[in-house]
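Visitor: Sequence:
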Amino acid sequence: MQNKSGKKFWMIVFLSLMLVCAVPVCALADDVDGDGYDDTVDCDDNDADVNPGEAEVCGNGKDDDCAGGDLSCDDVDNDGDGKTENEGDCD
129 MQNKSGKKFW
139 MIVFLSLMLV
149 CAVPVCALAD
159 DVDGDGYDDT
169 VDCDDNDADV
179 NPGEAEVCGN
189 GKDDDCAGGD
199 LSCDDVDNDG
209 DGKTENEGDC
219 D
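Each residue of the sequence shown is one higher than the last, beginning at 129 in the working numbering.
Simulated from the structure, these hints should not be mistaken for lab results. Values in this document were obtained by computation on a predicted structure and should not be read as measured data. Careful: at least some of the hints might be erroneous.
[Claimed, not checked] Now the in silico label distances, taken between C-beta atoms and shown as ranges:
id, residue 1, residue 2, range
1, PRO180, ASP202, 19 to 27 Å
2, VAL185, LYS136, 52 to 60 Å
3, ASN214, MET146, 53 to 61 Å
4, ASN188, GLU215, 20 to 28 Å
5, SER133, ASP158, 24 to 32 Å
6, GLU184, LYS211, 17 to 25 Å
7, PHE137, ASP177, 45 to 53 Å
8, LEU145, ASP203, 45 to 53 Å
9, PRO180, TRP138, 15 to 23 Å
10, GLU215, GLY181, 21 to 29 Å
11, LEU145, GLU215, 20 to 28 Å
Ideal Cβ positions, reconstructed from N, Cα and C, are used throughout, including at glycine.
Full structure from sequences and hints, please.
Guide: Shown next, in the form of structure tokens:
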């Protein structure tokens with residue numbers, strides 16, 4: 129059996145949580161495009177193909193992976209030899 133002070137403690141905890149969550153801090157961020165990434169991390173929340181979980185596609189003019197810009201195709205090792213075009217790869 130719980131005493132009255134224990135009930136008061138839990139009532140205070142409950143009311144405190146209710147008060148804290150009444151402010152906008154507890155509001156969930158929006159995920160407009162439904163890709164699982166909200167607008168706090170998704171750099172284009174209107175395009176489901178653009179989010180931090182996507183692979184970057186070079187030269188398409190989009191920041192697919194939200195890493196800060198489109199990847200130049202010259203920075204991609206297209207033939208798997210360990211060198212990019214910018215590093216002197218000519219094949």
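Visitor: Give a verdict on every hint.
Guide: Structure-based check of all given hints:
| no. | hint | result |
| --- | --- | --- |
| 1 | PRO180 x ASP202: 19 to 27 Å | holds, 24 Å |
| 2 | VAL185 x LYS136: 52 to 60 Å | holds, 59 Å |
| 3 | ASN214 x MET146: 53 to 61 Å | holds, 57 Å |
| 4 | ASN188 x GLU215: 20 to 28 Å | holds, 22 Å |
| 5 | SER133 x ASP158: 24 to 32 Å | violated, 42 Å |
| 6 | GLU184 x LYS211: 17 to 25 Å | holds, 19 Å |
| 7 | PHE137 x ASP177: 45 to 53 Å | holds, 50 Å |
| 8 | LEU145 x ASP203: 45 to 53 Å | holds, 49 Å |
| 9 | PRO180 x TRP138: 15 to 23 Å | violated, 39 Å |
| 10 | GLU215 x GLY181: 21 to 29 Å | holds, 28 Å |
| 11 | LEU145 x GLU215: 20 to 28 Å | violated, 55 Å |
The structure fails to meet hints 5, 9 and 11 from the earlier list, while all remaining hints are met.
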